[in-house]
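Make the full structure from the sequences, and use the hints.
There are 4 protein chains.
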Amino acid sequence: MPHRPSTSSGRPEQDAEGRTPETPEHPEPKHLTGRPIRYYRPRGSADIRHLIDEGFQAFNAARLGEACRIFADKMLLPEHDTTIGLTVAGALTPAGLGGCMVELMERGLVDFIISTGANLYHDLHYALNFTLHRGSPFVDDVELHEDGVIRIYDVLFPASVLLETDAYIRDFLVRSRLNGPVSTAELHYALGRDLMSRQPGCEVHSVVAAAAANGVPIYTSSPGDSSIGMNIAYHELMNDSRLMIDPNKDVNEVCAFILAGRKNGCVILGGGSPKNFYLQGQPTLWEVYGIPKGGNDYFIQFTTDQVVWGGLSGATPSEAVSWGKVNPGVLPDTVVAYADSTIAFPLFCEYVVGSPHGRRPRKELVHKRDELVAVLKRDAKQVQR
Amino acid sequence: MPHRPSTSSGRPEQDAEGRTPETPEHPEPKHLTGRPIRYYRPRGSADIRHLIDEGFQAFNAARLGEACRIFADKMLLPEHDTTIGLTVAGALTPAGLGGCMVELMERGLVDFIISTGANLYHDLHYALNFTLHRGSPFVDDVELHEDGVIRIYDVLFPASVLLETDAYIRDFLVRSRLNGPVSTAELHYALGRDLMSRQPGCEVHSVVAAAAANGVPIYTSSPGDSSIGMNIAYHELMNDSRLMIDPNKDVNEVCAFILAGRKNGCVILGGGSPKNFYLQGQPTLWEVYGIPKGGNDYFIQFTTDQVVWGGLSGATPSEAVSWGKVNPGVLPDTVVAYADSTIAFPLFCEYVVGSPHGRRPRKELVHKRDELVAVLKRDAKQVQR
Amino acid sequence: MPHRPSTSSGRPEQDAEGRTPETPEHPEPKHLTGRPIRYYRPRGSADIRHLIDEGFQAFNAARLGEACRIFADKMLLPEHDTTIGLTVAGALTPAGLGGCMVELMERGLVDFIISTGANLYHDLHYALNFTLHRGSPFVDDVELHEDGVIRIYDVLFPASVLLETDAYIRDFLVRSRLNGPVSTAELHYALGRDLMSRQPGCEVHSVVAAAAANGVPIYTSSPGDSSIGMNIAYHELMNDSRLMIDPNKDVNEVCAFILAGRKNGCVILGGGSPKNFYLQGQPTLWEVYGIPKGGNDYFIQFTTDQVVWGGLSGATPSEAVSWGKVNPGVLPDTVVAYADSTIAFPLFCEYVVGSPHGRRPRKELVHKRDELVAVLKRDAKQVQR
Amino acid sequence: MPHRPSTSSGRPEQDAEGRTPETPEHPEPKHLTGRPIRYYRPRGSADIRHLIDEGFQAFNAARLGEACRIFADKMLLPEHDTTIGLTVAGALTPAGLGGCMVELMERGLVDFIISTGANLYHDLHYALNFTLHRGSPFVDDVELHEDGVIRIYDVLFPASVLLETDAYIRDFLVRSRLNGPVSTAELHYALGRDLMSRQPGCEVHSVVAAAAANGVPIYTSSPGDSSIGMNIAYHELMNDSRLMIDPNKDVNEVCAFILAGRKNGCVILGGGSPKNFYLQGQPTLWEVYGIPKGGNDYFIQFTTDQVVWGGLSGATPSEAVSWGKVNPGVLPDTVVAYADSTIAFPLFCEYVVGSPHGRRPRKELVHKRDELVAVLKRDAKQVQR
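For the record, the sequence lines run as chains U, C, F and A.
Each position in the first sequence, counted from 1, maps to that position plus 858 in this note's numbering.
Each position in the second sequence, counted from 1, maps to that position plus 858 in this note's numbering.
Each position in the third sequence, counted from 1, maps to that position plus 858 in this note's numbering.
Each position in the fourth sequence, counted from 1, maps to that position plus 858 in this note's numbering.
None of these hints come from the bench; they were simulated from the model.
The hints are all genuine.
Copies of one chain are not kept apart here, so a pair can be met inside one copy or by any two copies together.
Taking lysine-lysine pairs in the DSBU-like style, the calculated list, with each CA pair at most 35 Å apart, reads:
| hint | residue 1 | residue 2 |
| --- | --- | --- |
| 1 | K888 | K1121 |
| 2 | K888 | K932 |
| 3 | K1183 | K888 |
Since this is a predicted model, take the numbers as computed values, not measurements.
Structure, rendered in structure tokens:
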């Protein structure tokens, strides 16, 4: 069992930059000597744009270049007004890629997000000024377990970070007075507001807070499948709360966004259930609601999964055509670049941020959820008649 | 848009074997000429056991052999009374592997299941006697789209199968009178009972029906992320139903099973959110509820994902030790075999079914959910004092 | 440095089965306690054929089934008289798969082989009655290094096996009186004959010896790239030998086989330079010699590499069409099954050995090399005129 | 059959930049409309160095960062005087990455190269001013075959490029008067000199020419396994030449370089037989020659292959320790970054070129081969006594 730190250790104070390295009562375990992981913010480097356009000419380098140009030159064209979904799977916030997500949200380049719960949970560590450390994947896990150190591949941090983040979540749940079925977007919005009020300024280094600040709804496809969900379950069992995630709301809200989109496009990091959740939007419209909206107009994925292994993560835009998930006419505007998101996504963001349309008005969909679901309901009723 | 078949086409009648090939009004599209996919049932072949023990000596063949022996010789030992969870990701029921799952359930070799929604949804096609066909991944998807044929890699079937399965689900939802928050286990149990009543005998060729018949609870980690979830969302929006999946119940029920297990072990097919959902059970106990249960005793995974890509699907048992998901002392009883489940799982099932303890009393956990959650609550309250 | 065993330790004596576990002077290091690896011989199991035909219905399981049926039902049809090349990359003989290769050669089902040098070198350990052990990939390599244990993933054996195998090779080179440029087929044939004379009966448990016994020429695409090549280089430098591998002979002999084939087909295990070497046969004919032979008629590959990574191992039959390596009309007779050869190849061999045409007259190409190269030269001269 | 262009079409003239787009007599086939691929030259971008140090914090991004720092901060330290081998597998010159290799050679950052033959053969197209085009992997290969277009994944060019490059090689072979056993380094050096004399200035856009200009020996582990080897085989068969590659020389020359290295380190792109050829250097010393040199000091690999698949490409530095290929004490100075070389290698080169020791005196080993092999022989003789 990891050591359970006394909860009286208190919240660390902030330094001048709004960040505080954790100051434990005991010396850091030897495994936590690597540099702190920070949210890197892309700045639109011209050098990187040059490398991508001129040096990335074939194989996955070329696919990454295509992805950059589809996003920058087509999806961001003002006349297309593309509604852009970002799906996030794989340990991206632990790896410090939350900064890329924050940058895209601030610039209006992403309209809604579907993420694994784990990425949102681990984002809270940054918001709460805990420190995750760069490390190595080649460490002795039994030793880590004894030292109370948690490992996410090569990211290391004390188990107390989990326990204190959990304590924050449980306190937030009580404070929030949420007490009934909510969509995950509503939950995450409340969480982001709470973070901003208690950790002022954290919206520059927290995805959840930045989403709230910029009106970007965040959904989780597997709501029970992270420490946030685990703590809500605790809240129900132990506090007799009636707060629960209603996946129906999530399905209908995302479906409504897609219905409302002039054009629709996505950036898929990894794959997994967030990818599936996003891509089922179009089939929900035609297959379930009978509304002939058509599929995605743009499709960008960074993954290392492969079509031949049979999982949805590796399924191609081409296969999605047969399901009505992708418009049959737009295959040239779809691309899968086979690359680790930790490498590809920062490069992609540098390119996009530095592009001519690298900033656009934010849609702030988090505030339009009810209105757009009402449109979905109206349209579906009309079709039924 | 796929052709929307008239809903008056009716349900096909059954043949002598309880299966009916679909009999459409129009001739089959040219793409649907491959053999029908059937649920293959493993029979415990001695030849296959010999091959695995004597011919699978190194690399992933040896890992597959280890997995077989950990399951057959350790997890199934009567004195261990292991509570066994099976997690299912990747298109296994479309590939005809539902028969392996049914066989394991009937024999009491699996106590609960966590599956992607897609695997359960596509299982309904078998229950309802629709036909999926063997095909090729190298087909023209634009042509398929025009012909109203749906493709899952190399599995092909008419879009009408989707639409009629959806219609069945919506009818079931109305019939079921479910009207409030439920766990996915409760939903799937009701669905399985409904299938058995309307398609008598289908429990021999349907995972959902067999689970109901054998008392095996089935959970879905991402409840909005399949056509079942999409239709529940429809039901809420269009019929003002109050039926919703409550992920809190899923979290607490699975957590309670693990708490109650004398020993705990899992077989993970693929990875994805079902893997994560299963593995978070132990951390929920210590991290959230403060109950020092300890981690898994046995861990078997078949996957083609890799640890180096950073997703949870590829995370190793070793990394899970640092999280308290796997007991530090049991690494010898954990194994990951890197292989496509469509090849590895039938081989594994043949071995296990033919092993000395290849049948054991069923735990029928679906009927013990409330009782075990009450124990969880009691234990957690005690710890708090 | 691994311990260098005294060379006086002598050759171990044979037991009744013609195999001898090594009997070192000192007790076995603790790492060498796993079962000895034996060459498993496929027996044509009907159960396995049933599983493949009925249970392997989609995804890579289906591809493996296709591979079995293309080989058994098409390539082996007597009227096609297909010239069949087998290419071997990855540690197959260390994993005990040499028995599958021996079985195919004895039955006339493989006409020539292109292998990495490593597979042939490690085959010599079996021929010389040294023992490789089943083990684990999770061991401490620094400890192994200190204990003088060599690791090939999860295959473990004492460093003395390397040193004594090398000593055998160097003695053979002296004994052989080979002293000039030879093809690798000629070298391996001489080596196989030498093994049979010094280890009588070893052709039932050695690929190199069985190839000599059955007239199957074995080529190595990278002749300096194994301990056999390293010892030939030693022989030249230290003994002033003039023995050398002449890659020109290898290129022309393989090219001549393909020219002579009524139909040509291949089974590619892994990929790598052996795959490339085989597949360049057809382009050599048209691109270099100007002989319009056309490409392969049948193409079977087992690999886990992927087309998207850009290496030749992952290149598809389809891409090979543009190069004239594969006949454009035969794509239906090509298949890539994405699976570890240690699992897929024994299954494939069981199927093939048990098939109606599971034995055919051997072509014994090793004795026809000069004759067929002369035909190649004649045809090329005719084209030039 | 691809169209065989008339050989009278002549060599295209050069433009001002020393490059000439091919000017065929007939209009370009529709597939060849993509931008020409050029050899991108890294320039040491500070932005890219910043991204790698600050933004690449975990997972493979962090491994790529480690690789950059091991190379720039350790291998290039003047006091270490590391002998650096670069191994090249995968289609890097077709993808335009030859420019990175040229830059490293000019700056003295690579001392010798082991490459697949294919990379060298396709480099000749650049030297001879033929044009390869950016394209798509999703094209109809039967159509390409009919149009005489060759495809390397997404790189497209007319079949005439192959035929004219082959014609150049055959003319060179006659001109060169090489007529006996040579090492591949000697062959490639002669080829590079010939290119420089016939295409003056081509050493800025040809790996083979640049290697000759900078004294960098290039080896090929599988000498018969490319169009260069195929044409040498033709030369022997049709012209009765006695020119042949002697792999013994290659083995001994590389072995001698490693013996002479103060420290030894490698950069491995991909894996395959070039990786194996490099890494066998140390075992050749201790296992075959009995010289206790010890293993590599530094080891950097970019690959997408995985250790679990069992091929040498995916074998880790750790496993190499048990073979004496890597020094047991230096595992911290070894790194494998799992990434497509087309993305990772240009980033790595930008970092390295911009580093403080980004230029060092060239070793010009191509001229020291005989001298160093003599030292190897002398040392080996001494050990024998």
